[in-house]
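Asker: The residues making up each chain are set out below.
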Amino acid sequence: MATAFADIEPVVQAEAPVERPAKVASRGGATASRLQQALARQGKALLAPMLGIAVFIGLWAALAPMVQTSLGALPGPFEVAAQGGALFDEWQASNEAAAQFYAEQDERIRAGTQVLAFDYAGAPTFVDQVATSLETVALGFVLATVFAVPIGLAAGLSPLFNAAINPLVQIMKPVSPLAWLPIVTMVVSATVTSADPVLAKSFVISAIVVMLCSLWPTLINTAIGAASIDKDLLNVGRVLRLGAFQKLTRLVLPSALPFIFTGMRLSLGVGWMVLIAAEMLAQNPGLGKFVWDEFQNGSSQSLARIMFAVVVIGLIGFLLDRVMMSLQTLVSRNRTV
Amino acid sequence: MAGVALAGCGGEADAPSSKATGLAKGGVEKPVLKLGFIKLTDMAPLAIAREKGFFAEEGLNVTLEPQANWKVLLDGVIGGQLDGAHMLAGQPIAATLGLGTRAEMIAPLSLDLNGNAITLSNRVWSMIEPNLPKGADGKPAHPIPASVLQPVVGKFRQEGRPFKMGMVFPVSTHNYELRYWLAAGGLNPGYYLPGDVGGTTGADVQLSVTPPPQMPATLEAGTIEGYSVGEPWNQAAVKKKIGVPVVTDDQIWHDNPEKVFGLRRDFAAKYPGTTAALLRAIIKAQAWLDADRGRNRAEAVRILARPNYVGADEDVIAASMTGKFTFGPGDTRDAKGFNVFFDRFAGYPFYSDAIWTMTQMRRWGQIPADHDDGWYTAQAKAVYRPDLYLSAAKALVERKVIPASALPQTDGFKPVDTGFIDHVPYDGRKPNAYIQSLRIGLKNGQKVTASGVTGG
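So the sequences go chain by chain: R and L.
Start counting the first sequence at 10; every next residue gets the next number (my numbering).
Start counting the second sequence at 336; every next residue gets the next number (my numbering).
In short, the hints are calculated from the structure, not lab data.
Quick reminder that beta carbons are idealized off the backbone N, C-alpha and C, glycines included.
Please note that a few of the clues may not be correct.
Cut-off 30 Å, straight-line C-alpha distance, at most; resulting in silico cross-link-like pairs (DSS-like, lysine-lysine) [what the hints assert, rightly or not]:
(1) L/765 x L/605
(2) L/778 x L/765
(3) L/406 x R/210
(4) L/671 x L/729
(5) L/474 x L/576
(6) R/210 x L/365
(7) L/749 x L/765
(8) L/576 x R/210
(9) L/735 x L/671
(10) L/490 x L/605
(11) L/659 x L/765
(12) R/210 x L/369
Covered stretches of chain L (in silico footprint by chain R; criterion: 3 or more residues with CB under 8 Å from a CB of chain R, positions within the stretch not fixed) [what the hints assert, rightly or not]:
(13) 546-556
(14) 566-580
(15) 721-735
Required output: the full structure, derived from the provided sequences and hints.
Answerer: See the structure below:
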């Protein structure tokens, strides 16, 4: 049964050994050698990446002006940073405009010339788009987890159920988000009929596409985790006459947790990538739409603004991954049965 | 940027609105609205209505959202994500006729006249340029007919390659203008099979769909040899030195109708006050854009250049918005009527304009069967709604915002029009006779099959 999922397994094993040498080293040895090792660690942990980034930026600055596009030369790091500043200024200007709008509206309402209070209807700034994307990926990720973990547990515990869903999972797993998008769009548009829904249709569409694509890593890893539980533990459970629910909460879940979190980490990474593509294609608010709008603008600043967005997308993806990784290590450490 | 945004959103907007929200009170059923647009300069009336506070004056809180392409925009309006949109004149007609997605749509207002052009790649331009008749100033004589392309298309065919051009949507004015220009020059742009959107049956020149903002990139990539699109995407080709605009749509059909403001019929029926308020705000913006022979155009260009509207560079937008049009580099000519938003009754939705669009749909096979003249008039009256336009405009005349002379005395049909590049007269009351009079195109009784045109 595990053969079908074998490609996922090494991820957990690769994570675990990294911690061990560090622990061993910090326990023994003289102060001097500890310092040396610390320095060496620092060098590896900080200096090398900084050097890498510096070389990359240097190469970028040197090579970018040599690439001529119809929008002018490819922007270098300084132009991109300048556009980052400009985007921040736009956000501040928009906040000021919104504040002024509300102040004037309050005045009008007090004076009785306006009945209803409106929300400020300014164009979304870059910061707003980042926030929208984060909210969307969060909803999609939560939905994916809510669906994937129970199904994965069931598949891990029952070889029969696993055999039943395995072909479906294998076929659905490689489907690109862009193929799901038209179907999800039509279904959501047809089912959400209220004129003023609680969640915007575009938001729901993006979140469901994220869910459909990030479901599978969590599902598969959960199944592996639940299936690979130590047989001795199950025997102990049988001896203690644990009920089905207790068996699940006391034995299966704790031993499967590291696997589940590995799956969730992969899911979040996939979800973030999927979201940007879905937003670009469906023109749903978010970072993807920002990138596409700027591409359509085709002004002399557009390329620099797109590059800035690319950097931000990368940084956010990296941060999301780090958050999930620390959660994962936390869960793996406190694993007790 | 910050300063402009503040001036646009705050200061100027609110002085008049405190007076005017009282007028609109009670009339507006749905004040919070989202309108869609495509990044083209002819969305200007919407951006101006927003930024100059005309929407706010009518008690509306409007968000404007750029859309990826015309299909996404249309689906947004049909699906209700958008309350209304900047639309191609053919879109509400096609949706109501059931060509593509079927939905009951109306066009109560025309946004502008003219505003498009046809651009050829540098390669094709260099092949035709030496043979063009020149004027006294050494520049090519205008308008340039499509017949000059015939040797190029022939050469492509000899090499076994199709000659491809881009337009923005199967039912777009750009498609019909490009087809008109090609057909007037003796080149067949191809027929649509029933239900297909390719439209390349029997084509000398193969046309394909590309969203407006991607036109320059697609031309640059060599996928197409030319395109028909609205501004600023022809001027962008000049600026990027990747192509040369050869003919404007004003030269193909003088003062042709271009975009409309489109919305669902049930929206207008459910929210009549909101619809009227929207129309009043847009008419005010149109009047502002054409006031005093374009005094406000420079400011309009600055607003349109913001990234959340058209977003192209100011000089590119200004190149077509300020009474000039640049053909080749160094070949800038006067084009006073290139964009008309208010003058010459630009906002009034004429039935005869809708019927012209339908004659072209029939000419190229999108309407697969013949219909009598009465059918054309009935369809036009179902979609184009001058009654809504007039009631909104008359309210503005009463408030002395626009002069009474800005409203046409008409039954919705323009007089016989001979302003086409080939001077074939068009009478909106006799669409079938008009279809028969066009040289290339389907005639009475003809149908398109995969092997070609049959019957007739």
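Asker: Hint by hint, say whether it matches the structure.
Answerer: Verification of the supplied hints:
1. L/765 x L/605: violated (34 Å)
2. L/778 x L/765: holds (14 Å)
3. L/406 x R/210: It holds: about 17 Å lies between the C-alpha atoms, which stays within 30 Å.
4. L/671 x L/729: Status holds; Cα separation ~27 Å.
5. L/474 x L/576: Since the Cα atoms of residue 474 of chain L and residue 576 of chain L sit roughly 18 Å apart, the hinted pair holds (cutoff 30 Å).
6. R/210 x L/365: holds (19 Å)
7. L/749 x L/765: holds (12 Å)
8. L/576 x R/210: violated (41 Å)
9. L/735 x L/671: Holds. Residue 735 of chain L to residue 671 of chain L sits at ~27 Å (cutoff 30 Å).
10. L/490 x L/605: With Cα atoms ~57 Å apart, residue 490 of chain L and residue 605 of chain L exceed 30 Å; violated.
11. L/659 x L/765: violated (35 Å)
12. R/210 x L/369: holds (13 Å)
13. 546-556: Coverage by chain R holds here, the residue count being 6 at a Cβ distance below 8 Å.
14. 566-580: holds (count 4)
15. 721-735: violated (count 0)
When each numbered hint is compared with the structure, violations occur for hints 1, 8, 10, 11, 15.
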